[in-house]
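Asker: Residue-level listing of the chains:
2 protein chains.
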Amino acid sequence: MNLALADVGRIIDKAATIVVTTHVHPDGDAIGSMLGLYHGLSERHKVRLILDDSVPPMLGFLPGAENIERVDAAGRLAADLLVIVDAGDIDRIGAVATNVSAPRLNIDHHKSNNGFADYNYVDTTVSSTGEIVYRLLRLMGKRFTIDLAVNLYTAIATDCGFFRYANTTPDTMICCAHLMEIGVRPDLISEALETRPVGVLRALAKTLSTLEIEDGGRIAVITAGPDVLQEADNDTEGFINFPRAVEGVELAIMFTVFASAVRVSFRSKSVDVSRLAAAFGGGGHIRAAGCTIEGNLETVKPRVLAAARNMVGGKEL
Amino acid sequence: MNLALADVGRIIDKAATIVVTTHVHPDGDAIGSMLGLYHGLSERHKVRLILDDSVPPMLGFLPGAENIERVDAAGRLAADLLVIVDAGDIDRIGAVATNVSAPRLNIDHHKSNNGFADYNYVDTTVSSTGEIVYRLLRLMGKRFTIDLAVNLYTAIATDCGFFRYANTTPDTMICCAHLMEIGVRPDLISEALETRPVGVLRALAKTLSTLEIEDGGRIAVITAGPDVLQEADNDTEGFINFPRAVEGVELAIMFTVFASAVRVSFRSKSVDVSRLAAAFGGGGHIRAAGCTIEGNLETVKPRVLAAARNMVGGKEL
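Residue numbers (this note's numbering), protein chains in the order written: chain A, 1 to 317; chain B, 1 to 317.
FYI, nobody ran anything at the bench for these hints, they're computed from the structure.
Careful, some of the hints might be misleading.
The list treats identical chains as interchangeable, and a pair is accepted whether it falls inside one copy or across any two copies.
[Said to hold, decoys possible] Calculated lysine-lysine pairs in the DSSO-like style (CA-CA distance at most 30 Å, straight line): (1) K269 x K206; (2) K14 x K206; (3) K301 x K206; (4) K46 x K142.
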């Protein structure tokens, strides 16, 4: 059962001690929403932030990030409420599920959410969990400090690709207008988010130089080998958007080569790549999906390309 | 003298025949603002769109772009009003200045605007000319169709880097929220704008592979040779943002090598690069500037790097 937002506020109001967590491999929406709740609730509640992962260096600038504790260091603890943000399944929060003993409240926007918590607030029509936290804290009459605003803005902006993705709504824009009125500087936040180690740029150059155009220009392929992965410290996020943006390309594929398997990422403008990924045991969305296939590049690549050509050509897989 | 926006509306109202133009090398704000006026005014006015350039292919998707005439094909003409959008100087509109005989109304947001027209409306506090046109057409009570909205949204979004640059204001966000309510799809517009010929991606890979890190990591340098320029069809826009986003880099420099000169672009996070560019006869803004220096890379590069090291080191040039 899905709660009303006012009920979420009442459940939080009753809890003196609150633990907030989010999913492993946290992104901007996960960390920003956690810290947004921290800044919004700390005045009246004792709030701890527990995570079964580290905070990505890129998000280290977020006010309050230094208060996020690793679950293994925090040990076993009890609280009046465990708030789980931006996670659609209990498996996503790792050891926090076993180490924290408390009734569970889930705040999320993912379509795949399975309603796992004791209390669930899931709205799949909003851009981000950050936008839900914004509405919640407004409804609760909380004071919007600049630290709170920076976190919620970052949560929202990262999850909607700085207002470019299809999940951006008029409400998303109006909410961020308000956060900017509080003092959020989009130029400083985007600069902080876009800063990358030099190795990532070198890895990007190498990966893009592998560009192959297939199927009369409809398929673009890039490949990141083990050397590139090492140089990028495994951070190749966003590389696949470059071949996807090539004129005429309907399907972009990135092969990432590991020791005994190849990770295959798909991005599409037309075809349903979740079916393509599923054909190799993977999954995802219509326009973005992926799979991991045992073997080396020489065996994996021809199989994937053959299936991709069939799909772009409108044939059955 | 700067007009009030209501006066701009009254001046337009009185004109039966209107020519709209903008600057050569037009960007999204220039073309989007032209076409925004076209869609907003055509119901009550006879509007012609005249430009001393072609419409960049990237902007060809804008509704009404096919109605933009080249000044040389249009020949000499007279009108009740020539509206010049997004240009701060009469030199910027090329032959339109001589070929179109009409009183001139200028609508612009550039700080460098010199008030050249008969009627000037210049607001340097807004994100874009598109945002001024939005306010004007709202004030005039015009009907906001989807074609109008797509053009103004594109004008605004391109000029503020999809809401990431320092010129983005809360009003910018609220204005675009309204345009989205009319039906603008940010995902489709950003996709159309980001699409590039495959040669540009190949050129990007080659240019990024030239990355050099100088001055203990504070200066990052990339170089685009004649082969790269040809491959990219001279479209290397945005390449310099990649070295600029490298961790620790305070100054990014891009050398673009032509037959007998080198174009030098500077982007900075801290130092005033307009002074650096000025030292070589160029100009620009504090964080983005450039110059063109006669000679070849072997002679130009050491001079520029020496000056750059001095500036980053806090020495006088």
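Asker: Against which earlier hints does the structure fall short, listed by number upward?
Answerer: 2
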